[in-house]
Amino acid sequence: MDFLEVVLSQDSDFFAHDSVKILEYSKEAVILKTGLSSMKLTALAFVSSNDYNKNIRYLGIATNYKVIKDLQDAVVPSLVQEYRESPVVIWRDQDNIDFTASILVFTTMTQETAGPDGTASDPPSTFQVLCQQYELIKEQYSKIKAQKRMSSSGKR
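For the sequence shown, the residue numbers in numbering that gives the first Met the number 0 are 0 to 155.
In case anyone wonders, no lab produced these hints; they're calculated from the structure. One should not assume that every hint holds.
[Said to hold, decoys possible] No more than 25 Å apart at the CA atoms, straight line, and that leaves these computed lysine to any residue pairs for SDA-like:
| id | residue 1 | residue 2 |
| --- | --- | --- |
| 1 | Lys68 | Asn95 |
| 2 | Lys26 | Lys65 |
| 3 | Lys68 | Ser25 |
| 4 | Lys137 | Val29 |
| 5 | Lys68 | Leu103 |
| 6 | Lys65 | Val75 |
| 7 | Lys32 | Gly59 |
| 8 | Lys142 | Cys130 |
| 9 | Lys147 | Tyr133 |
| 10 | Lys137 | Gln127 |
| 11 | Lys53 | Leu40 |
| 12 | Lys53 | Arg83 |
| 13 | Lys142 | Ile21 |
| 14 | Lys32 | Asp50 |
| 15 | Lys68 | Gln80 |
| 16 | Lys26 | Ser47 |
| 17 | Lys26 | Glu134 |
Nothing here was measured: the structure is a model prediction, and the numbers come from that model.
Build the full structure now, drawing on both the sequences and the hints.
Structure, rendered in structure tokens:
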């Protein structure tokens, strides 16, 4: 089964704003442009601040890219471990960031919503469910844009 690669940026209501542009990229195009393998791209997503983990202070995506691109290709958890053992990362990782949440989400494609006490409050949301939600939102956005175009052309 093919999955749609989904990345949503900003708040969930961003589709309602007229000035928002929607860009769709294929994972293959990103891999080709960056020169990273699929595993390295996933590892880069782990360590570069995402919805599940913050990045190591002072190590943004550009620095993380430089570290990860030079690593030997391996499975994602091993790449993350090698990244953590890089001298530049060891020197900066004063908070001892734990990337476990990202590893769980990005490698098993499941996430659990944590309650205030840290326990899971909802059943796991699968990647497929998120893709379905994305398609619905995208369809709603297209309808709104079409309605606005129709009403704009009728006013002239």
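Evaluation of the provided hints:
| no. | hint | result |
| --- | --- | --- |
| 1 | Lys68 - Asn95 | holds, 22 Å |
| 2 | Lys26 - Lys65 | holds, 19 Å |
| 3 | Lys68 - Ser25 | holds, 20 Å |
| 4 | Lys137 - Val29 | holds, 21 Å |
| 5 | Lys68 - Leu103 | holds, 22 Å |
| 6 | Lys65 - Val75 | holds, 16 Å |
| 7 | Lys32 - Gly59 | holds, 19 Å |
| 8 | Lys142 - Cys130 | holds, 18 Å |
| 9 | Lys147 - Tyr133 | holds, 21 Å |
| 10 | Lys137 - Gln127 | holds, 15 Å |
| 11 | Lys53 - Leu40 | holds, 17 Å |
| 12 | Lys53 - Arg83 | holds, 14 Å |
| 13 | Lys142 - Ile21 | holds, 14 Å |
| 14 | Lys32 - Asp50 | holds, 24 Å |
| 15 | Lys68 - Gln80 | holds, 14 Å |
| 16 | Lys26 - Ser47 | holds, 17 Å |
| 17 | Lys26 - Glu134 | holds, 17 Å |
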